[in-house]
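**Q** Listed below are the residues making up each chain.
4 protein chains.
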Amino acid sequence: MTLRVTVWNENVHETTEPEIMPHYPEGIHGALASGLRELLGDGVAVTTATLDEPEHGLTDAVLASTDVLVWWGHLAHDRVSDEVVDRVQRQVLGGMGLVVLHSGHFSKIFTRLMGTTCSLRWRDDGDRELVYTVAPHHPITAGVPHPIVIPAHETYGEFFDIPAPDELVFVSGFSGGEVFRSGAAYRRGNGRVFYFSPGDQKYPVYTQPEIRRVIANACEWARRVGDSVPFAAKVEKGWMLRP
Amino acid sequence: MTLRVTVWNENVHETTEPEIMPHYPEGIHGALASGLRELLGDGVAVTTATLDEPEHGLTDAVLASTDVLVWWGHLAHDRVSDEVVDRVQRQVLGGMGLVVLHSGHFSKIFTRLMGTTCSLRWRDDGDRELVYTVAPHHPITAGVPHPIVIPAHETYGEFFDIPAPDELVFVSGFSGGEVFRSGAAYRRGNGRVFYFSPGDQKYPVYTQPEIRRVIANACEWARRVGDSVPFAAKVEKGWMLRP
Amino acid sequence: MTLRVTVWNENVHETTEPEIMPHYPEGIHGALASGLRELLGDGVAVTTATLDEPEHGLTDAVLASTDVLVWWGHLAHDRVSDEVVDRVQRQVLGGMGLVVLHSGHFSKIFTRLMGTTCSLRWRDDGDRELVYTVAPHHPITAGVPHPIVIPAHETYGEFFDIPAPDELVFVSGFSGGEVFRSGAAYRRGNGRVFYFSPGDQKYPVYTQPEIRRVIANACEWARRVGDSVPFAAKVEKGWMLRP
Amino acid sequence: MTLRVTVWNENVHETTEPEIMPHYPEGIHGALASGLRELLGDGVAVTTATLDEPEHGLTDAVLASTDVLVWWGHLAHDRVSDEVVDRVQRQVLGGMGLVVLHSGHFSKIFTRLMGTTCSLRWRDDGDRELVYTVAPHHPITAGVPHPIVIPAHETYGEFFDIPAPDELVFVSGFSGGEVFRSGAAYRRGNGRVFYFSPGDQKYPVYTQPEIRRVIANACEWARRVGDSVPFAAKVEKGWMLRP
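Residue numbers (the numbering used here), protein chains in the order written: chain A, 229 to 471; chain B, 229 to 471; chain C, 229 to 471; chain D, 229 to 471.
Keep in mind the hints are simulated off the structure, nothing from the lab. Among these hints, one or two may not hold up.
Identical copies go unnamed one by one, so any copy, or any two together, can satisfy a pair.
No farther apart than 25 Å at their CA atoms in a straight line, the calculated lysine to any residue pairs in the SDA-like style are these [what the hints assert, rightly or not]: (1) K430 <-> D455; (2) K462 <-> P373; (3) K430 <-> E247; (4) K336 <-> P393; (5) K336 <-> K465; (6) K465 <-> A380; (7) K336 <-> A363; (8) K465 <-> V453; (9) K465 <-> V372; (10) K465 <-> W350; (11) K336 <-> S347; (12) K336 <-> T243; (13) K430 <-> P282; (14) K430 <-> T278; (15) K462 <-> D353.
Chain A on its own, in the form it takes in the complex (with noise of 0.2 Å):
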């Protein structure tokens, strides 16, 4: 069955400072659909939704429809509205896939989810990062090698203030000496959680194979499971016991 994702992007660095990003020319969400797309074929069906879209392009009728919700930003988290926010938490503990991507670790989205700061220290000095799997049985890790090496890259380090993974599945080192937990998996409700730190909007990341092949496993791995938030019920003593 069609994979349904939604790559969702602040879209603002590409907007308000391009000739930064040059490797983008589509957009961060343009380079993530591709991606998407190139790897999984017929079997994904991509869209995408940005900040400046009514409701950031993310309506009850779009998440309704989406089995996987990518999202990416960085300087404008505070600008995405908390009706929106509402809307996608009830998605994710209704069984919506989501996966977030680097600077994402401080979305209102993820903090919200996580219970916790989230923060993390990071310097960008063009390291070589190194991401490795402590996972190999996990899906998300299929045809990745050990490592993924990235060139250059913003750096993320320890402390990394998350809840204990589920499953912890990447751990990262930089040439500078930081190490990280690049890759955690999480299940809230029905739904399921991906974090996965690379990349940064100054490196072409999310146009290197490996990375991409991260992401596309990862949607397949969150792939949607029901639409039915957990909720309270006052039940009568028995319940279970009737047809």
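On the provided structure of chain A, position chains B, C and D as indicated by the hints.
**A** For chains B, C and D alone, coordinates are given in the frame of chain A:
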């Protein structure tokens, strides 16, 4: 070192429908405080705070000198101000312990730290609850019988929409057939959180010695370990190698 | 791709005390195989193996062409040769799935993969067992009622001495008051292991459609993901940067 | 209460190739014992045991009066008798703590408790190792700098074939680019197990104050909590309701 515990209670049942809880003449907070003093003696300094106090009794000063906050709420979750919830969350992430009891599963602070609905199934037929230890190595279970027998109680049943606990400590079974993950330990930021589902306002659960033991153990386990919320930091290359 | 399942059964009750299990005229392995064929149809190729076959029917060749091994044993754990257990363990670590049923909790292969005693409390009074889902997002729960009602069954109770599951999927409650972590998922090496506690030889549990559904789901979930046991390797500095 | 620690060392490098470890004139066990005494003072009673003693110095009596066993082995894992390994495993499951160091990842006792190969990648080029805390709330990290800088050390790299830790405490990065889950906490039966990957016999790691701090903290964390191995028990219906 003295463990400083603040017991917070919304104190609404007690003040609006006292006839339903004759077993708690000093309020639920009073009973919880008595239990802690009884078991921890000189090792603990217990204070209480309630919804109707200014800032719900949870000022910055109170929280800064609290090692563990015990939380009981039911009817008035919505009346807890978001500002106080922000404050409590930051204290937990900075290292304060939090012990959430019973209907506190739906409190703002617990759902915020969990990121899920924390919904469950319930009914009130005075079932017998058996609280089994599934983590006998855990300090919260020290001196606790296997199982604890609660002669009559409200029933909570699965599915309980929480993240998979970092440590599942207790599982309860009810005479009507439900099961429930009744003791769940989490770490968030630098702090520790323990959810324990006994006891409802209608039943004298907090006067039961075994239940008091669990809550005293939980307070000791959740003891504050710091007072610094994890924060984002831009670093310089090689920071970790400098004295 | 066809899922290749090998159902292993010690086949001792069937051959020595057939009167106690008239509901399994083809043996427990026969019933399990029928259930898998019924639910997975052309998607599965099921074979069976038993203790009395040479090498217990689990030769290198058989295991190498097995995606998932289903294990049922009870009276004869000690008669399983250590050499075969070594072989099965290596296959699991290399990526073969393993589904351990009921009294298999005490099998050599399960205790070896767990590292604990895997002991539990039990009694046989024909209690009703209710199997509740505590991980509704998990693929093993797809299409499974909440709870499954097993009208009469042997009782298994906590404490069950297993490592904390990587994913706790089911918790059972028994009419006599016990609770039990009845569905527990693990990853070991490249392989996946699922323990599911229903069903005893005296009760026709493996003819019950909901139970068959769980086992079929578990086989799909545990599908082999590789055939390479993790191994120690001395590397050269910079190995990860060379093509 | 005094913490009773037994430091076990195979003591083979020391007795067969003493020239390679001039920094450990009293043996690795001697250095570890000194570190514990230095940091825990009157709170600890440390004894040592080595491979060549009768029963490797780990008699029933010694283990029964040991709260935490620290394990260092490398060349002689195979010379440890299975009977002693059985005994140590039972003590751990009964509540004794176990702290496994460095090349002990391949010891019989550790692989048996893990159920996996515990294999890893390694090289010895004197890399700088940085040991980062990823669980700042964990008592093992109390007073430990972030990161610990080990100026020169053997390199251990992923994939490390262990079960997902119950708590991942440290992640190391090496100057040559590897990363490694260097501090991993487990619970098995009633006991606690901590694996910590520093330090190789060629480097004076166990004289480094920060490393000594981690090991002392680990011993305190793993303190014995009982002396009863979980066991199978047939029960009578209603056992839990009888006084």
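**Q** Against the earlier hints, flag every one the structure doesn't satisfy and list their numbers going up.
**A** 1, 5, 8 and 13
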